[in-house]
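As they're listed, the protein sequences go chains A and B. Under this note's numbering, residues 1 to 297 are what the first sequence spells out, in order. Under this note's numbering, residues 298 to 581 are what the second sequence spells out, in order.
Calculated directly from the structure, the hints in this document are not laboratory data. Take these hints with a grain of salt, some might be off.
Stated by the list, open to error - Subject to a maximum C-alpha distance of 30 angstroms in a straight line, what follows is the list of computed DSS-like cross-link-like pairs (lysine-lysine):
| no. | chain 1 | residue 1 | chain 2 | residue 2 |
| --- | --- | --- | --- | --- |
| 1 | B | Lys301 | A | Lys201 |
| 2 | A | Lys47 | B | Lys438 |
| 3 | B | Lys340 | B | Lys363 |
| 4 | B | Lys303 | A | Lys201 |
| 5 | A | Lys72 | A | Lys155 |
| 6 | A | Lys155 | B | Lys544 |
| 7 | B | Lys304 | A | Lys201 |
Stated by the list, open to error - To give an idea of the interface, some chain A residues facing chain B are shown, with a C-beta separation under 8 angstroms as derived from the structure:
| no. | residue |
| --- | --- |
| 8 | Gly22 |
| 9 | Asn27 |
| 10 | Ser108 |
| 11 | Pro113 |
| 12 | Leu135 |
| 13 | Ile223 |
| 14 | Phe272 |
| 15 | Thr279 |
Virtual Cβ for every residue (Gly too), placed ideally from N, Cα, C.
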Amino acid sequence: MSRRRLLTNIAGWGFALPAILGFLFFNIVPMALSAYYSLCDYNVISKSVFTGFKNYVNLFNGSDPTFWASVKATIKYTVLAVPANLIFSFMIAILLNRPMMGRAFFRSLFYLPSIVPSVANSFVWLLLMNPDFGLFNAILRFLGLPESNWIWGEKTVIPSIVFMGIWGTGATQVIFLAGLQNIPRVYYEALEIDGGNAWHKLWYVTIPMISPTMFYNLVMGIIGALQVFNASYIMTNGGPNNASLFYVYNLWRQAFTYMDMGKASAMAWVLFVSILLLTLFVFRTSKKWVYYEGGDE
Amino acid sequence: MALKTKKRTSYIIRRILFYSFIILLSLVCIIPFYWMVRSSFMKSTQIYVIDPFVFWPQEMIWENYKDATKFMPFLDYTRNTLLLVVLNIVGTVLTSAMCAYSFSRIKWKGRNLVFMIILSSIMLPGSVTIISQFIMWSNLKLIDTYWPLTLPAFFGGGVTNIFMLRQFFMTIPKEMDESATIDGAGHIRIFLQIIVPLSKSALIVVGLFTFLGCWNDVFGPVMYLNSPQKFTLSLGLLQFRGEYTTKWNLLMAASTLVIAPCVIVYLIGQKYLIEGITLTGLKA
Numbered sequence: 001m002s003r004r005r006l007l008t009n010i011a012g013w014g015f016a017l018p019a020i021l022g023f024l025f026f027n028i029v030p031m032a033l034s035a036y037y038s039l040c041d042y043n044v045i046s047k048s049v050f051t052g053f054k055n056y057v058n059l060f061n062g063s064d065p066t067f068w069a070s071v072k073a074t075i076k077y078t079v080l081a082v083p084a085n086l087i088f089s090f091m092i093a094i095l096l097n098r099p100m101m102g103r104a105f106f107r108s109l110f111y112l113p114s115i116v117p118s119v120a121n122s123f124v125w126l127l128l129m130n131p132d133f134g135l136f137n138a139i140l141r142f143l144g145l146p147e148s149n150w151i152w153g154e155k156t157v158i159p160s161i162v163f164m165g166i167w168g169t170g171a172t173q174v175i176f177l178a179g180l181q182n183i184p185r186v187y188y189e190a191l192e193i194d195g196g197n198a199w200h201k202l203w204y205v206t207i208p209m210i211s212p213t214m215f216y217n218l219v220m221g222i223i224g225a226l227q228v229f230n231a232s233y234i235m236t237n238g239g240p241n242n243a244s245l246f247y248v249y250n251l252w253r254q255a256f257t258y259m260d261m262g263k264a265s266a267m268a269w270v271l272f273v274s275i276l277l278l279t280l281f282v283f284r285t286s287k288k289w290v291y292y293e294g295g296d297e
Numbered sequence: 298m299a300l301k302t303k304k305r306t307s308y309i310i311r312r313i314l315f316y317s318f319i320i321l322l323s324l325v326c327i328i329p330f331y332w333m334v335r336s337s338f339m340k341s342t343q344i345y346v347i348d349p350f351v352f353w354p355q356e357m358i359w360e361n362y363k364d365a366t367k368f369m370p371f372l373d374y375t376r377n378t379l380l381l382v383v384l385n386i387v388g389t390v391l392t393s394a395m396c397a398y399s400f401s402r403i404k405w406k407g408r409n410l411v412f413m414i415i416l417s418s419i420m421l422p423g424s425v426t427i428i429s430q431f432i433m434w435s436n437l438k439l440i441d442t443y444w445p446l447t448l449p450a451f452f453g454g455g456v457t458n459i460f461m462l463r464q465f466f467m468t469i470p471k472e473m474d475e476s477a478t479i480d481g482a483g484h485i486r487i488f489l490q491i492i493v494p495l496s497k498s499a500l501i502v503v504g505l506f507t508f509l510g511c512w513n514d515v516f517g518p519v520m521y522l523n524s525p526q527k528f529t530l531s532l533g534l535l536q537f538r539g540e541y542t543t544k545w546n547l548l549m550a551a552s553t554l555v556i557a558p559c560v561i562v563y564l565i566g567q568k569y570l571i572e573g574i575t576l577t578g579l580k581a
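So here's chain B without its partners, still in its complex pose (with noise of 0.2 angstroms):
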């Protein structure tokens, strides 16, 4: 009896420390993100001292979100990321379904040879590849439109989304698309009425890794935009390194701006997106 509690004891006490360790790694995890709002709610005054352990506003100060926003025009870099945003996964969530579809359900000739050497490009850097293609774009004289930055999806929308999609197409029972078959439905058909319906799963973590990856993008942008009316949030937020790295409460309620929405997206879809990655053991 005796040895029974303190064997239940001994539980007990390993179990606080797990909890306790998991928790203190939780808030090692947030600190980066309560820092920044914490900064956004500041006085410049107030951030600018020598023991920073102060872990809550004087007074909270709305204003740095008004002043932030008048440095650069946000609703417009809203609107242009939106745009770009919205043709990034209207391109990529088509195509990429197509071409899995493709390699997953038709038996053509020479599939599997095509899949595979399409699918090596995985290894290809990226870096390798962006002067060229930003030569190519200026030959055609694009440079500073939305072209080189929402076209690219339009064909195959990227490996890693037709190869997570093909894995998954290839779970859909065969025999649905044979009965369809014999109904005379053609592969547009089985594809529009009987995929694109069961794999809705699929396609939103898809869709939610292009937002993210087009939202958080920079690269792009920097490379193929000049004009300021037409940056992206980020790029705007970017402008903001050289000239206001002294306020820097209204670069972190900037910073907050651009983060929530993506914050907010990821809580909505962060149960398709880790069964996405654990579905493909791939990341975007």
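Here chain A stands alone, though its shape is the one from the complex (with noise of 0.2 angstroms):
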């Protein structure tokens, strides 16, 4: 009998082990590889130095003012982006949920965007948005409004990331499109009944019922979006005027322009601990407005 167990045990470390290792060699050595640097000077070709927390301090002091400007260009960012791919995405799965002639099509439609390769898609998107003869600015003219400059202007470069970034929600959209089937049909045949129209299912049936839902793609996309690169990477190298220096770009060119791996590293904790606290944080306020049906909370 303890034979038996001691076999399943090696069994179950043996299945397990490339997870194991893999959580070891690409998750638990690089995060502690990494605090160690970010406490050194280290340009990769040299030896480390240890030099304490001066990176960090000169992360905040200001001595180096693209460090605040990426993070104020991911904050700007994530503010726009989180609500603005969560409404989207949740309109876009209530519209998909409705009874309707060849669903699955418009389904399979809607995901399609997300798989695009983001260097061509990138492309496409900077011939679309070409201030002189893309289509968004001839659209602009059609209709009498003003011209913009989209990823080329100061003010316009993170609205037009975040307007193509829309494009890319297809996963969101299904997610949220799972949460919405597995609302049981009989809330809705109650709140009939008693002679609720459609606002009221919307808000008395299918909101809180998204919220569980609702809660996960929120996290995911907070995390996602405070990490955005490629539209920074491809498209505008952070410009105009480090306008769209995003927060993981400016640490990829600290890394492996500047090659100073000290600094990206304390960059890379910051945004570790940053990520974690706020994520905290809204797990915290979740309590107040997630909805789990038959939990105690």
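Grab the two chains, each in its own frame, and use the hints to assemble them into the complex.
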């Protein structure tokens, strides 16, 4: 009997070994190393020199203005993109959850933009947003609206990237859709008997019942938005005038353009702790607005 | 009677409005694709016009595609990308299924604790570990090789995949393993002969996600590859940026070529993909 237990334990650890080793090699060890490098001067080529908290102090005392510029750009992006993506994908999910002809077709169609490689996608958007011969300004002219400089304008670059990001929210839509399909029909039927209209259904059934899904998408959305990278790397190089110098892109530049691994590691840890605190904060507030059916809270 | 017809008419109007709205949204959704393909067949003089409301090329310039492939060695880059894709799919599907099997069907001591700890790394921002990972690979003298881009796939293939497969494996009735155990089958046989064949659709989802993720990856190749002959399609396409941004038609033709395989794979597998996300509530 105990021999069998032993064999089971060996099999269990054995089958799970790749994930356990992967977790150690690609998560724990790099985290520990970057904590150490963040306390050093290190450029990969020469040996690292321990400098204590110098890297952190230099980040916060404003000796490098790009740090605060990138914090500002990232917060601005997150504040705009997270609600925009949530609202938009929730609306699409509600639409796609209604009975209609060709529903499977429309679902696949709305997911399609999310699978497009980001380099190719960015090139298409560079053409669409081109101020001189792009489609978007042509539409604005046609509607008699003022033209925009899109990603080439200091004020418009972040809203443009947010706008572009809405196309890539397919996965969020599908998660909302799955949440909507899990709402028992009886709740809507009960409301109908009481004379509730479509608005009541949305407000008193759909929104409370979808709140756990909303919460999940919110947390993942914030974590993703704070790490936005591709748009500034491929399209804007952080410009114009550092207006889209997103945090992770700045971190990347410190590491791979200026070879300042110490500073980049310090930035990575600041980001990690910020994400952790923010996630904890969202979890705390969730007790107030997330409704778990059959839960204690 | 009149009331009934009136109700019926208002229903039909509502339906027409609904379908018009959703068709309009669909058009907005595919406009970028359409614009890309339309521009890829145009003469560049036709793109550089102040009024771009031209929805069809004057004449189809198929040459653009030939010229686009001259700017970058498309075949080589496709071969490189496919090599990475295949290795990543093999590693991910194999090891994530193994780990998911352990976490769902073997009752070992400490299993749930280990699983929770590993699952928590979903919350760990990837950008926090990239720098030390880069330093680790560079200490191993493996920069500019495919090792950093393939080996990690063989270590569990990502937590989301393990989680998804675990959820799926748990729906397979326990009796199946029990009767196999009585017949004297060990875990390796149960895994290969019972679990894997019954989980084909879930394994296909993992393979599809891996294909798309690997095909679309820029971060990894940009960081680890230096020699142009080792580049992937995405990385090769990125090189177009600086030099040829004036030749929009060629740029769009190259983009179409890079996107096309993704769209084809998606169209074949989309049924599984959307089921996969629905199953776990997780996105890759």
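How the hints compare with the structure:
1. B:Lys301 - A:Lys201: 25 angstroms, holds
2. A:Lys47 - B:Lys438: Satisfied, since the Cα-Cα distance of roughly 16 angstroms is no more than 30 angstroms.
3. B:Lys340 - B:Lys363: 14 angstroms, holds
4. B:Lys303 - A:Lys201: It holds: about 25 angstroms lies between the C-alpha atoms, which stays within 30 angstroms.
5. A:Lys72 - A:Lys155: 13 angstroms, holds
6. A:Lys155 - B:Lys544: Between lysine 155 of chain A and lysine 544 of chain B the Cα gap is close to 28 angstroms, so the pair holds against 30 angstroms.
7. B:Lys304 - A:Lys201: Since the Cα atoms of lysine 304 of chain B and lysine 201 of chain A sit roughly 21 angstroms apart, the hinted pair holds (cutoff 30 angstroms).
8. Gly22: Holds, about 3 angstroms.
9. Asn27: 5 angstroms, holds
10. Ser108: 5 angstroms, holds
11. Pro113: 6 angstroms, holds
12. Leu135: 6 angstroms, holds
13. Ile223: 6 angstroms, holds
14. Phe272: The hint holds - phenylalanine 272 of chain A has a Cβ within 8 angstroms of chain B, the shortest such distance being about 4 angstroms.
15. Thr279: Check passed: Cβ of threonine 279 of chain A comes within 6 angstroms of chain B, closer than 8 angstroms.
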